[in-house]
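Visitor: Residue numbers (the UniProt record's numbering), protein chains in the order written: chain A, 1 to 648; chain B, 1 to 99; chain C, 1 to 523; chain D, 1 to 549.
By construction, these hints were calculated from the structure, which means they are not laboratory data. Where hints are given, some of them may not hold.
List time: in silico DSSO-like cross-link candidates among lysine-lysine, alpha-carbon distance up to 30 Å [what the hints assert, rightly or not]: (1) C:Lys504 with C:Lys493; (2) C:Lys504 with C:Lys296; (3) C:Lys461 with C:Lys391; (4) D:Lys387 with D:Lys150; (5) D:Lys206 with D:Lys24; (6) C:Lys516 with C:Lys504; (7) C:Lys461 with C:Lys493; (8) C:Lys493 with A:Lys162; (9) C:Lys70 with D:Lys426; (10) C:Lys516 with A:Lys162; (11) B:Lys98 with D:Lys24; (12) D:Lys150 with D:Lys206; (13) D:Lys206 with D:Lys154; (14) D:Lys53 with D:Lys150; (15) C:Lys493 with C:Lys512; (16) D:Lys86 with C:Lys70; (17) C:Lys461 with C:Lys296; (18) B:Lys98 with D:Lys426.
Pairwise CB distance ranges, derived in the manner of DEER restraints [as the list claims (entries may be wrong)]: (19) B:Leu9 with C:Lys70: 38 to 48 Å; (20) C:Val51 with D:Ser425: 54 to 64 Å; (21) D:Gly471 with C:Ala26: 43 to 53 Å; (22) C:Gly223 with D:Pro474: 39 to 49 Å; (23) A:Ser589 with C:Asp54: 33 to 43 Å; (24) B:Ile16 with A:Ala647: 22 to 32 Å; (25) C:Val207 with D:Thr508: 49 to 59 Å; (26) A:Arg615 with B:Ile23: 53 to 63 Å; (27) D:Pro474 with B:Ile23: 32 to 42 Å.
Glycine included, each C-beta is placed from N, C-alpha and C at the ideal position.
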Amino acid sequence: MENLIALLIAAPLLGAAVLLVGGRRLDAVGHWIGTLLSFVSFVIGVVLFADLLGKGAEHRTLTQHLFSWVPVAGFQADVTFRLDQLSMTFVLLITGVGSLIHLYSVGYMEHDERRRRFFGYLNLFLAAMLLLVLADNYLLLYVGWEGVGLASYLLIGFWQHKPSAATAAKKAFLVNRVGDMGLSIAIMLMFTTFGSFAFGPVLSHAGDASEGRLTAIGLMLLLATCGKSAQVPLQSWLGDAMEGPTPVSALIHAATMVTAGVYLIVRSGAVFNAAPDAQLAVTVVGAVTLLFGAIVGCAKDDIKKALAGSTMSQIGYMVLAAGLGPIGYVFAIMHLVTHGFFKAGLFLGAGSVMHGMNDEVDMRKYGGLRRYMPVTFVTFGLGYLAIIGFPGLSGFFSKDKIIEAAFAKGGTDGWILGGVALLGAAITAFYMTRVMLMTFFGEERWKNQPTRSPEAPSAEPAAEHQGEHAEPHPHESPKVMTIPMIVLAVGSVLGGGFFSIGDRFLHWLEPVTGYSEGHSPVGAWTVTGATMVCLIIGVGIAWAQYGRKPVPAVAPRGSLLTRAARRDLLQDDFNHVVLVRGGEHLTRSLVYVDHTLVDGVVNGTAAGFGGLSSRLRRVQNGFARSYAVSMFGGAALLVAATLLMRAV
Amino acid sequence: MNPVNYLYLAALLFTIGATGVLIRRNAIVVFMCIELMLNACNLAFVAFSRMHGNLDGQIIAFFTMVVAAAEVVVGLAIIVSLFRTRHSASVDDASLMKL
Amino acid sequence: MSFPLLTATAALPAVGAVATAAVPAAWRTAAKWLALLVSLATLALAVTVLVRFDPDGARYQLTESHAWIKDFGVRYELGVDGIAVALIALTALLIPFIVLAGWNDADPLETGSSRWRPTQGFFALILAVEAMVVISFEATDVFLFYIFFEAMLIPMYFLIGGFGDRAHAQGEEAASRQRSYAAVKFLLYNLVGGLIMLAAVIGLYVVAGNFSLQEIAQARASGSLHMATSTERWLFLGFFFAFAVKAPLWPLHTWLPNAMQESTAPVAVLITAVVDKVGTFAMLRFCLQLFPQASKWATPVILVLALISIVYGALLAVGQRDIKRLVAYASISHFGFIIMGIFAMTSQGQSGATLYMVNHGISTAALMLVAGFLISRRGSRLIADYGGVQKVAPVLAGTFLIGGLATLSLPGLAPFVSEFLVLVGTFTRHPVIGIIATFGIVLAALYTLVLYQRTMTGPVKPEVSAMPDLRARELVVVAPLIVLLIFLGVYPKPVTDIVNPAVKQTMSDVHKKDPKPEVEAAK
Amino acid sequence: MSAAAVHSLWTTAADPISKIDAPKIEYGQLSPTLIVVGAALVGVLIEAFLPRKARYYAQVFVSVVALCAAFAAVVGLAADGYGTTKAHIAAMGAIAVDGPSLFLQGTILLAGLVGLFTFAERRLDPAAHGNRVDSFAAQAASVPGSDSEKAAVKAGFTTTEVFPLLLFAIAGMLVFPSANDLLTLFVALEVFSLPLYLLCALARRKRLMSQEAAVKYFLLGAFASAFTLFGIALLYGYAGSVSYARIAQVVDGTVTNVDPALANTMGNDALLLLGSALIVMGLLFKVGAVPFHMWTPDVYQGAPTPVTGFMAAATKVAAFGALLRLLYVVLPGMRWDWRPVMWAVAIITMLGGAIVAITQTDIKRLLAYSSIAHAGFILAGVIATSKDGVSSVLFYLAGYSFVTIGAFAVVTLVRDAGGEATHLSKWAGLGRRSPLVAAVFAVFLLAFAGIPLTSGFAGKFAVFKAAAAGGAAPLVVIGVISSAIAAFFYIRVIVLMFFSEPRPEGPTVAVPSPLTMVAIAAGVAVTLVLGVAPQYFLDLASQAGVFVR
């Protein structure tokens, strides 16, 4: 059975290879090849899942050793896969959502002449992501880790002729590299600490290592998480990443890749459990990010950016949970999965809206669309309810558990974290409601005015093929796009309930992640009640602002906070001033130094000898008598020296 | 008379000759100074020969004279041809090649 | 005695060089084909060496030894260990691609004087360089090594100065001036290094009485040959200086950018990918074996210099406007990694360094050659003159990107493995240095992606709008390199298996053991 | 005939005639010199009695035969073991027949032979009025540009006297390194100097420069030899004899039967130091060591190029031979006095020559300065004061002389309207015009620069090795540095030839006769052989590394 594991990765990898090397002759069928192979991978995943279910809880870990990768003395890296409940969960999420989005993209990318390559990249991403979650050692995981980074780089920058896209792609890769640095240092630390970096030895011996080292490792892993999962302070790339085609945003920057950080922390649970300081840092990062993202989400008028903000904050929840240790791991993953459903659904909905609106992304130019695209409206609506945690829907269960866990951490930390989590819930309700209202309700602000206002340039130049400046004619998207949305909507409605009733998910994951019942100072129902209150407050405020009054087509100046939030709370400005400008100055001055100083010394020496030479040759003045003088002097010196030698 | 004095004289003559080479312009004079130096050497040889009581020095003096004569032959030839070309026997005029 | 395989491997290209040079002016194409065939034949020989070499056998294999210059205590001694084998294979592998890539670079512009035969000269010189590089990898006699270490400067010098890059903004006059400046700088810089080494070589002879690497190393090990500490250090410095110039180590690097910028892409590859490797190789083989104590003594300084090279080279690469200069500075950064790995004095570091030499050779070749194709199309080396190439020449852009990704050592491509090994190897002994060096990977991403973004993406510049995509010959050059990059990235074991035993030997030469992990968890 | 011999005649004159015994001269062992001298005399007779047309061929024939015969004689002697076991002092203590002298004589003879070929070259200059001309003045006596000169040229005169002069010079050089007493040394010095003075004056083109060169060379040479002579006088005063053996004994203090009357002069160190210093200075002048080098560039530039080539090669060989013998046979006792001084000389010579050469613009001057730098390198070997030192110097000289002659031979090929185009700027792009010549010259330059696989490298290595072994490590380092500086200007020439565009009015490369071709070919061959497989010659040199005392 375990021999199937490699096939999980092989299928999409094959697809990527075929599509990218195949060339134009595959343009006609490329997208179908890609979709097919991702479904194949999904089916294999399901088969393996069934197999795992068949086994006893403790035997649910399959490993497949392919070959020895980098054997150097003590440094032994193998290509070995490990399929346990945790990675199984991810495999299903990735391949499942992935396949749906492949399907969706067939319709979405219809008009793009580079569609084949797009699917090639998508397959590449699937392969890398599966490698990431299936790897049995950190180095192999690192390969997948950077692999997904590459795929995301290629896909964000898919419309390379747009400078903004190219820049965004570069930014994403660079910021991720900073995170990757953390991961590689973590691996080195593991090697020096345990003499290995395979999950088995490291996690089983985590207890024996000194806490200092473990903390270091934990913090480095956290750094990696910040990069990949867009956590503060490395979150800045996610917003720009929305330059990529919407399916990409849905798959990579909502459902799967950005959650890799959570996987990393949960996977390394053993290390964190033994390093409380590192855990605290994790929770702090999570808490900060969940507020940060939420606030940013409130201010954005670009529907995708708003959703991106929300993604950030939802991942904040997961990281927070993961930071809580055994009491949180399971719920982090659970929220991750449900979030995968509804956030993907939301993005696909947004894509569908843009598809109908000539790729307009500015929500202020939407309005009242529910009549024109009912399916999108319904699915998006369900996703919306799920994310704000409407009772009974999946978001409700998963988020609620996290908030409980946060309180359950106990002590002041517990109160603070819990409070933050609650606040976050309120804000979430607010901004999601805002999106909902601005898009589907209110009067139709897109009437009798061309889209594409200069101040809000569209992300999707696929529209170049249609008339840009015509007034949009909103219409429902084709089946191939709506079906995935419907499926995801169903998932986001039922998922949470299915997982939580009878703690199915808990029992499934516990053997891997471990679980300890936290005793929270406040009762479970109190928390739920509080959440509900926050929910209502958030929705209420949003309704008051965007439901009752008409939405101005041009954004009002807004409060200081709003303006800051529009600019991602000035994070980019900071980066620009400190890193970009500073870096430019540094490099420029270094180039100068290299040329004038380092090279100057070299050329200077040469010039020096030249000068000396031209000075010395003047002695050779052509007069025989002066030559005679020098001889005479020489003779005198010679004699003198000889006598001197004898004297001393 | 102490033969050492002859040595001093020889040294003096030699120095005079050398100085002449350094300060005189006319090639002929310069050349004569060189001859003077050679003669100073001869004097030294003879003096030493006397002091050592063997004749080698005196014989060497004869050899020196022969060599000097040969040198004169060659030297005058060269200097004369130079003079005929440039109509001046000044050593300093001959300074085409320098640096 | 058996067939002198090593001699043949070195001699074949030498003979080929002479033959190629002798081809009459009119038959230019014939000369090209001859050169290509010779280089392929050499590759075949190199592969035979690779096959005949037994990783677990004696340290030096396929040895040959003949008396040469008795009075200097010099013998014609050849022998290869794993490291040498790997590098010989790399050299022999790259030369055919270099020849193929430079196919039309040396065609005479004006069909003027019939006696001036640039094309023949070009390929003859390339083969000559190959011969000398190969033999200096094989030599186990210090003097023999030194001779070719120095002699290879001459053909390189003519390659740089004689066959410059045709893409020049300021016209041919300025071009030739800058070219000969670069060539002279290259030659003098390396000559100075070499001469200082000569002093050390002589010193070594005075101390040791012969030049046989094995004899001296054994004598040192057995203690029968005692060197005063100061003597050993001076000699070490003399050797190291030459190697540090050759494998540019900050601050002795400034010749490389000029040389690479002015020479044609294939020659630039020849410089960084092949010739400079002799320097790093020599550090590993001669510095560490002959002067173990001094090597350990100098390690801290060298590590710091290497570290500076890494960061400094990367930062300067970011600041470049000229594609080739950028690659040059990137190479400087990479050589920093290699040297760091060598002097980390750990198995990972040194295996990584050796692997790095191979991988860097391949990746630079890929990137630089594609860059060369690009430059030859547009006739400019300035990054600013490009833009949107990806739309008009997707394959070119794709290969360029892969080359770039290899340069930033993306996992899955060969350089990643070696770079990570070097980092780990350094980290285990010098954590701080290891961590700072890790910043290099971020900077690498920066300069590579900036280069790619500025040249390949964005709106299509009018000058490049008519740019043709890669031709068949060019694909033949690039494709195998890329395949190799991926293969060695996924399965480097073949190389490491060859290298590891040799590294083990070197480690024992310097009496170093890998540091033990805190917790013995590995099985 | 040595002073000692004459002395015995004198002292015995008073006694009865019967007691006179003829001095014993080993003619066989002196045969090389005697052959050359004889040939030179024959040459003089040829000038006297043969018709003009026939002279050239007769002279060339005689000279070639003589040099070959002399070389054969040297080889024969060496084969007889005179170089090693049977080495001894011949001609009543005047001449030493031992390894060094035979090796150097062989070298000088070969260099002379090759030089002779360049002398005899008659294809380079365009034929004047239908008769072939060589690079020597039609009639040395006629004033440049005068009618008599035109007439001489028209009549197709040629100065065939150069051949006997060359032979005389060679004869002197053969004696110089093997001279075993100071008088012989001095006579030999003059014998080979005087013909060279004349040869310098005989250029066909640029006669003014040629004459100027001659004057400078002559005056300074005579000046130098006067110093030498004075030094000899002082040493004679010091030791009471001019024979090397005797002086050495006195220096070592192992002298017997001191006449108390001479105690005040005998063994007076002041005399010794002064004397030896002055003699050494005379030799350093011939070698062209800083600060006695200043004649070198001017003379090298002004003299006819074949003469320059011969001079640069052979003079150095002979002079260094003599210097070695002086320092190793006569003055080993006072090694600690002269070594530091020679250190200084060697250092400034290496650096000075190399540095000044950087900015030269005339190829002949450039080579002149490079020869100065090389003198410095050789001095490093001399200082080693070991058997290795001797043999390394011998080897270096052998390699160097051929490279030099070859290089200057190439210079004679590159010509424009005004004769040889020696200004560097005219050499631009030579590699494009005539790759072969440029390549050959490049080989010579690389040999000068001491690039491996050339004789230059082997020689330099041998010398530095000896020096380092002799405890002169700092000297080696400085030598290495100055070779780096020197490399710069050799490379400049190569850059000029290959990397710069040819000038439209640039010089043409004349196609030489087999004579010059042989000279150049010999240069290349020796350069490469001594570079790649030097062992045999190193053996030769090290066998010849012992002086007889």
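Visitor: Taken at face value, is the distance from the CA of Lys206 of chain D to the CA of Lys150 of chain D at most 30 Å?
Guide: Roughly 15 Å between the alpha carbons, so the hint for Lys150 of chain D and Lys206 of chain D holds.
Visitor: Taking 30 Å as the top limit, are the C-alpha atoms of Lys98 of chain B and Lys24 of chain D close enough?
Guide: Violated, because 50 Å separates the two Cα atoms, which is more than 30 Å.
Visitor: Between Lys516 of chain C and Lys162 of chain A, does the CA-CA distance stay at or below 30 Å?
Guide: Cα-Cα ~52 Å, so violated.
Visitor: Can the restraint linking Lys53 of chain D and Lys150 of chain D be considered satisfied, given a maximum Cα separation of 30 Å?
Guide: It holds: about 18 Å lies between the C-alpha atoms, which stays within 30 Å.
Visitor: Kindly confirm whether 38 to 48 Å is satisfied by the beta carbon distance between Leu9 of chain B and Lys70 of chain C.
Guide: violated (58 Å)
Visitor: Just to be careful, I want the Cα atoms of Lys70 of chain C and Lys426 of chain D compared with a cutoff of 30 Å; is the pair within it?
Guide: Not OK: Lys70 of chain C and Lys426 of chain D at ~44 Å, beyond 30 Å, violated.
Visitor: Given the hint of 43 to 53 Å, is the C-beta distance from Gly471 of chain D to Ala26 of chain C inside that range or not?
Guide: violated (59 Å)
Visitor: When you check the alpha-carbon spacing of Lys461 of chain C and Lys296 of chain C, does it fall within 30 Å?
Guide: Violated, at roughly 54 Å.
Visitor: Indicate whether the distance between the beta carbons of Gly223 of chain C and Pro474 of chain D respects the range 39 to 49 Å.
Guide: violated (29 Å)
Visitor: Given a hint of 32 to 42 Å, does the C-beta separation of Pro474 of chain D and Ile23 of chain B actually sit inside it?
Guide: holds (39 Å)
Visitor: For Lys493 of chain C and Lys162 of chain A, compute the direct alpha-carbon distance and say whether it is at most 30 Å.
Guide: violated (42 Å)
Visitor: Below or equal to 30 Å on CA atoms is what counts here, so check Lys504 of chain C against Lys296 of chain C.
Guide: Within the cut-off at roughly 16 Å; holds.
Checked against the numbered hints above, the structure violates hints 4, 5, 7, 8, 9, 10, 11, 17, 19, 21, 22, 23 and 26; every other hint is satisfied.
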